[in-house]
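Asker: Protein chains in written order, with numbering that gives the first Met the number 0: chain A, 0 to 450; chain B, 0 to 535.
Quick caveat, the hints were computed from the structure, so don't treat them as lab data.
For glycine and all other residues, C-beta sits at the position ideal for the given N, C-alpha and C.
Any given hint could turn out to be false.
Said to hold, decoys possible - Partner residues are not named here, just some residues of chain B that face chain A (Cβ under 7 Å, in silico): (1) Gly33; (2) Pro37; (3) Val38; (4) Ala53; (5) Leu108.
Stated by the list, open to error - Simulated DEER-style distance windows between Cβ atoms: (6) B:Pro28 <-> A:Ser406: 38 to 44 Å; (7) B:Arg24 <-> A:Tyr178: 23 to 29 Å; (8) A:Ala340 <-> B:Ala405: 55 to 61 Å; (9) B:Arg24 <-> A:Gln353: 39 to 45 Å; (10) B:Asn459 <-> A:Pro100: 27 to 33 Å; (11) B:Arg24 <-> A:Ala259: 52 to 58 Å; (12) B:Gln65 <-> A:Val349: 51 to 57 Å.
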Amino acid sequence: MTQQGVRWTADQVLALAPDAASRKAGSKLGAAGPWSEAGSSDEGTVWGLCKGSGSKPYQTVIDIADAAGPAYKCSCPSRKFPCKHALGLLLLWAGGEGAVPPGPAPDWAEQWIEGRRQRAQEKRTAGAAGSAAGSGDPEGARRRAERRAVRITAGATELEQRLADLLRSGLAGAEQAGYGMWEETAARMVDAQAPGLAARVRELGAIPSSGPGWPVRLLEECALIHLLDQGWLRRERLPDGLGSTVRSRIGLPASAEGPAIRDRWLVLAQYDTADARLTTRRIWLHGTDSGRTALLLSYGAAGRAPELALPVGLELEAEVSAYPGTGQLRAALGEQFAPPAPTATRPPGVTTEQAAARYGEALRDDPWLDSVPVILDRVIPAPDGDSWQLADAEGDSALPLTASARSRPGLWRLVALSGGAPVKVFGECGHRGFTPLTAWAEGAGEAVPLC
Amino acid sequence: MNKISAPVPDAWEELVTSALLGTARRPPPGVAPGSEAPVALLDAAAVETVRRRAGLRPARAAQRPQPAPEDTRPPLPAAAARRLAMLLADRPGTGGGGRRGTAPDLMELLPQWLATANARGYAAPPQLLPALLDAARGRTDLRPAALAFAGSRATWLARLNPDWRFALRATPGGGTDLPSPQDTAGIRLLWEEGLFAERVALLSAIRAREPVAARELLATTWATERAEDRLMFLDSLRTGLGADDEPFLEQALTDRSRNVRATAAELLSALPGSALAARMAVRAGACVAVDHTQDRPVIVVEAPHECDSGMERDGVVAKAPSGRGERSWWFGQLVEAAPLGVWPGRLGGRTPEEIVALPVADDWRNELHAAWCRAAVRQRDAGWARALLGRPAAPEAGGPGAVSLAERARLLSTLGSAERAEWVAAFIATHGLSEAFQLLGVCEVPWAAPLGRAVVDALNIARDAGSYPWSFSGVMGLAERCLDPAEAGRLEGLMAVPDEGEDASPGAGGYWAEAFQRLVTTLRLRAAMAEELGVA
Chain A
0 MTQQGVRWTA DQVLALAPDA ASRKAGSKLG AAGPWSEAGS SDEGTVWGLC KGSGSKPYQT
60 VIDIADAAGP AYKCSCPSRK FPCKHALGLL LLWAGGEGAV PPGPAPDWAE QWIEGRRQRA
120 QEKRTAGAAG SAAGSGDPEG ARRRAERRAV RITAGATELE QRLADLLRSG LAGAEQAGYG
180 MWEETAARMV DAQAPGLAAR VRELGAIPSS GPGWPVRLLE ECALIHLLDQ GWLRRERLPD
240 GLGSTVRSRI GLPASAEGPA IRDRWLVLAQ YDTADARLTT RRIWLHGTDS GRTALLLSYG
300 AAGRAPELAL PVGLELEAEV SAYPGTGQLR AALGEQFAPP APTATRPPGV TTEQAAARYG
360 EALRDDPWLD SVPVILDRVI PAPDGDSWQL ADAEGDSALP LTASARSRPG LWRLVALSGG
420 APVKVFGECG HRGFTPLTAW AEGAGEAVPL C
Chain B
0 MNKISAPVPD AWEELVTSAL LGTARRPPPG VAPGSEAPVA LLDAAAVETV RRRAGLRPAR
60 AAQRPQPAPE DTRPPLPAAA ARRLAMLLAD RPGTGGGGRR GTAPDLMELL PQWLATANAR
120 GYAAPPQLLP ALLDAARGRT DLRPAALAFA GSRATWLARL NPDWRFALRA TPGGGTDLPS
180 PQDTAGIRLL WEEGLFAERV ALLSAIRARE PVAARELLAT TWATERAEDR LMFLDSLRTG
240 LGADDEPFLE QALTDRSRNV RATAAELLSA LPGSALAARM AVRAGACVAV DHTQDRPVIV
300 VEAPHECDSG MERDGVVAKA PSGRGERSWW FGQLVEAAPL GVWPGRLGGR TPEEIVALPV
360 ADDWRNELHA AWCRAAVRQR DAGWARALLG RPAAPEAGGP GAVSLAERAR LLSTLGSAER
420 AEWVAAFIAT HGLSEAFQLL GVCEVPWAAP LGRAVVDALN IARDAGSYPW SFSGVMGLAE
480 RCLDPAEAGR LEGLMAVPDE GEDASPGAGG YWAEAFQRLV TTLRLRAAMA EELGVA
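Excised from the complex, chain A in its bound form:
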């Protein structure tokens, strides 16, 4: 695929930044000042020399033609990826023809590009030959899976025991017991190779300090862990779809085996959550022809942005395949047929009543689901005491915002965008309330990210 002729928007470039500091530093380098000998090729490479504080300018080169996402190389010592120079150069390129004219690449850039192309070629050849080799040891794989299942069963059984002990002596004691008890149990679940259980158990620890009504929330979450344990322990008796859902909730790896769906996918939202080790990026897509919703997950080690970056408001023609599990929205991005481009398309929406019903229905396939993605049509953000809600413009129904959504700056962007008038809002709707992620004002205007 070549991206010749398709220039990115500045937003697209900035979405590649690993963190806010890089975004800022990069945007300052997006002016012509420090750059020299910048250029670009028809094959989709951009290069340039950036004057830094040292005497020798940094050599920056980017390959944007790769369908898997852009690749960068820069001679600067930064460990950020992409570094501010790569971002600045891309911004310069996004800004227009003049600063990054087409031309032949200098030697230092050409060498890297050539090396990359060669490696990609080798990989492709090897991949074609190796797909059979990958499943070359089915017996070994089966044995490994069995061993893991045994460990998870032991973990789930132990967790059942701990939950029973907790309920025998009462949740009231959990407030005093503190975080340590849960951390230890979570560590046991990690040992049992059940990361999904471990994460749920870890979250239990935070509930007793989460304010009024915590016993109800703790009981709910304990009950759902119990349900998941039981689902695992009796997985042979579950229907296929639910069985896959349980396996993925436990944390077993799966691959996107669903049929490839080709569509024009509208990027509804992109947001990152991070802990000390890992940044998780969620990208919600809406298929403009199929009407399907898909969730792309990508990960980056701490300090590095996940490689996939699809800014809100773009549309890309691509294939997407679903992961197993009934009602699961997670999917993998397959082949892209055209680079992402801005679009004025707006997805259709529903009322608050329909949104709540949709969450209820989704629980049938996945009772552990916290929320479903929905688009609300014609809702007005309205203050409700200390809280906020999205109220139908016509009608008496409203969805309260989640506590986390209320404390984010995106709330005020949403309120400002609405100005008391109806807006279209995409977000996640669940038992905790509604988390707005993207909004469109009435009439014209682009999608406004709220996260």
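Based on these hints, arrange chain B on the given structure of chain A.
Answerer: Same frame as chain A, but now just chain B:
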């Protein structure tokens, strides 16, 4: 969300109570205590949890906010909107810090961006209003331009978020629309029943259009206004002040409030033809004379011996600040309030230049010249300002003279922008940059070509002298914001690292190159900003 009622309304509450107390103490209903009780409780709770969640219904809608008034200004071009988002994202404390490097300081460019956008009459993109309000909250100097650009929707927002309450105070009328000029009944109603801020906004708006109408409106309720309000209202007469305001101001000289009297006197003294100005001219004139008995003419000063009630009524403050002699304090006020036009007649038909050049006896020179400076600024008298400024290349212009640099800056502001720029350029050419900072601050942006050249030349000289650029960081920062972007091309040669001279400070050349790179980058950025906003 509202929970739907369960068929057995208390089933869930029972489960929660059992869970809280423990099944050992309180088994859930229908379950015998024992080893199975916790599992039975978890089973039942799992069913209830999923059932409760699946049965969630929307809440009742709360009172929806009143829609914000429509912004009729044209929307910002997309590239300019992106630029604004970027400028607003560059907030202090968002990383960075330390040495500035070659990257522009985006936050410093925000005031200029806002001024241009306001001049072009664009509407702010609604989704950027929160960031704009946050920026204005942190920087009071940004507020007027930011709030003007943010428009009425920002005040609408500020009513919903206490963090932005300043926007309601700072925007006259809290964003309510003022009645149109023809709507006399509406004007009347708002003036008599409006909130204070709305009334100030109304009065200022009318004053800007029709000075007489505003004064007449004020006169209708003047006697019943509170003292602080009278002061604010009176202040609005500063706009479009004219001779026909005199009777009203004369009357205000007898006001009960001392601050109102002082403001009225100040306004009157800015009207050289007013009776108050004439009275002050007589008083000041009595204190200053030319002594011809010496070899050459000398100005002699005889300061007043008392501050009588007439002087006090005309706004002279009787009590001197601590550390100042009473007589010189009174004298300064008299000369400041006297019309400058009387002095040539009083002092032998001399021009302002000749008067300023006269020696002054007994150390009164500083006092007298300072008072003339204040009078020139107050009366916007360019002729006197020019005389008091003197020649920019004169030795005393750069050092301690009768007129301080701060006073010179104020005097400069009474001159036309071209003359101002030329004076400062000539000043810099003679005295260098170290004293020029204050003077540069009153020059029009972007700097006129001769001024820009003078600054760049002076920076270049400082570099060649081997000093460090941070000694000039103030001027450098100003140059980034004020130099004409068209000058960027001329600066290219300065971006290279020069050979280190014998007496240069170590590494200074590299730092200078960096500083000039930042200057050029910033100028380019400003050019791009202007272009995005449709300024050719």
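Asker: Does the hinted range 55 to 61 Å hold for Ala340 of chain A and Ala405 of chain B at CB?
Answerer: 57 Å, holds
Asker: Verify the CB-CB distance for Asn459 of chain B and Pro100 of chain A against the hinted window 27 to 33 Å.
Answerer: 31 Å, holds
Asker: With a cut-off of 7 Å, does the beta carbon of Leu108 of chain B approach a beta carbon of chain A closely enough for the hint to hold?
Answerer: 11 Å, violated
Asker: Okay, Arg24 of chain B versus Gln353 of chain A on CB: inside 39 to 45 Å?
Answerer: 44 Å, holds
Asker: Let's test the interface hint: is any C-beta of chain A closer than 7 Å to that of Gly33 of chain B?
Answerer: Result: violated, 10 Å to nearest chain A Cβ.
Asker: Should the hint that Arg24 of chain B and Tyr178 of chain A are 23 to 29 Å apart at their CB atoms be regarded as holding?
Answerer: 25 Å, holds
Asker: Taking the closest Cβ pair, is Pro37 of chain B under 7 Å from chain A?
Answerer: 4 Å, holds
Asker: Taking the Cβ atom of Pro28 of chain B and the Cβ atom of Ser406 of chain A, is their distance within the range 38 to 44 Å?
Answerer: 39 Å, holds
Asker: When you take the CB atoms of Gln65 of chain B and Val349 of chain A, is the distance between them in 51 to 57 Å?
Answerer: 26 Å, violated
Asker: Should the hint that Val38 of chain B touches chain A count as held when the rule is a Cβ pair under 7 Å?
Answerer: Hint holds; Val38 of chain B Cβ to chain A Cβ min 6 Å, cut 7 Å.
Asker: Falls inside 52 to 58 Å, the C-beta gap from Arg24 of chain B to Ala259 of chain A?
Answerer: This hint holds: roughly 57 Å between Cβ atoms.
Asker: Once the shortest beta carbon distance from Ala53 of chain B to chain A is found, is it less than 7 Å?
Answerer: Holds. Min distance 4 Å.
Going down the numbered hints, you'll see the structure goes against 1, 5 and 12, while the others check out.
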